[in-house]
Amino acid sequence: ETSPEPDAKVFTVPRWALRTLAAVFFSLVAGVILTEVFLTFDRPHGGWDAWAIWNLRARFLFRGGEHWRDAFSPLLSEIHPDYPLLLPGIVARGWTYLGRDAVSTPAVVAVFYALSTIGMLASSLALLRGSFQGILAGIALASTPIFLRHGASQYADVPFGYYMLATFALMHLAGISKSRRAMALAGFTAGLACWTKNEG
Numbered sequence: 001e002t003s004p005e006p007d008a009k010v011f012t013v014p015r016w017a018l019r020t021l022a023a024v025f026f027s028l029v030a031g032v033i034l035t036e037v038f039l040t041f042d043r044p045h046g047g048w049d050a051w052a053i054w055n056l057r058a059r060f061l062f063r064g065g066e067h068w069r070d071a072f073s074p075l076l077s078e079i080h081p082d083y084p085l086l087l088p089g090i091v092a093r094g095w096t097y098l099g100r101d102a103v104s105t106p107a108v109v110a111v112f113y114a115l116s117t118i119g120m121l122a123s124s125l126a127l128l129r130g131s132f133q134g135i136l137a138g139i140a141l142a143s144t145p146i147f148l149r150h151g152a153s154q155y156a157d158v159p160f161g162y163y164m165l166a167t168f169a170l171m172h173l174a175g176i177s178k179s180r181r182a183m184a185l186a187g188f189t190a191g192l193a194c195w196t197k198n199e200g
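Per the working numbering, the sequence shown starts with residue 1, numbered consecutively.
Any given hint could be a false lead.
Claimed, not checked - Cβ pair distances, simulated, as ranges:
#, residue 1, residue 2, range
1, Asp70, Asn198, 17 to 25 Å
2, Gly64, Thr144, 30 to 38 Å
3, Gly89, Trp48, 17 to 25 Å
It should be emphasised that the hints constitute simulated quantities derived from the structure, not laboratory data. We put the CB at the ideal spot given by N, CA and C, even for glycine.
All chains should be built: construct the whole structure from the sequences, respecting the hints.
As structure tokens, then:
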């Protein structure tokens with residue numbers, strides 16, 4: 001059992017119950033991976049925003065050469081040229097490493113962020129409130145259908161949510177531990193959230 005913050009209300013549960021809950025959590029995570037794979041095979045290019053905004057912009061970065069700035073052309077005003085480049089940049093970098101613009105790259109990035117969000121929620125709550133509440137929160141998120149659909153959509157919403165979750169968890173940790181590092185990291189993750197989607 002982890003040591004939560006002093007003022008937190010922690011449920012005391014038997015070790016066997018905690019282990020059973022952890023087994024349920026990890027089984028659900030395996031189910032999330034399978035679900036994301038099946039959803040990705042159903043729509044390999046993601047949802048409309050993915051291929052019309054995020055992956056299109058990644059293709060400008062990867063294929064555009066010196067004309068990559070055309071991604072921000074006023075002719076493309078219907079697809080938000082004001083959106084920032086963190087997600088397209090990650091996808092374009094993956095394509096650069098591969099040497100081609102594989103459809104699997106943005107799908108892998110999307111699944112990575114979905115799993116990372118579940119992990120961030122469970123681990124940060126376990127650290128701040130105790131293992132029982134952390135695992136329960138992870139189970140709740142891993143069981144949420146709309147989250148799973150958005151995770152496979154290749155939209156920027158799940159990455160944005162991941163960085164915001166990390167920011168709030170780090171700010172709370174900084175508040176109870178008076179850690180300057182945690183506060184600096186919170187500023188960094190907040191900046192990444194802004195660089196993911198400006199509407200946030």
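Range first: 30 to 38 Å. Now tell me if the beta carbons of Gly64 and Thr144 are that far apart. holds (37 Å)
Quick check: does the Cβ-Cβ distance between Asp70 and Asn198 fall within 17 to 25 Å? holds (20 Å)
Take a look at whether the Cβ-Cβ distance between Gly89 and Trp48 falls inside 17 to 25 Å. holds (21 Å)
Of the numbered hints listed earlier, not one is contradicted by the structure.
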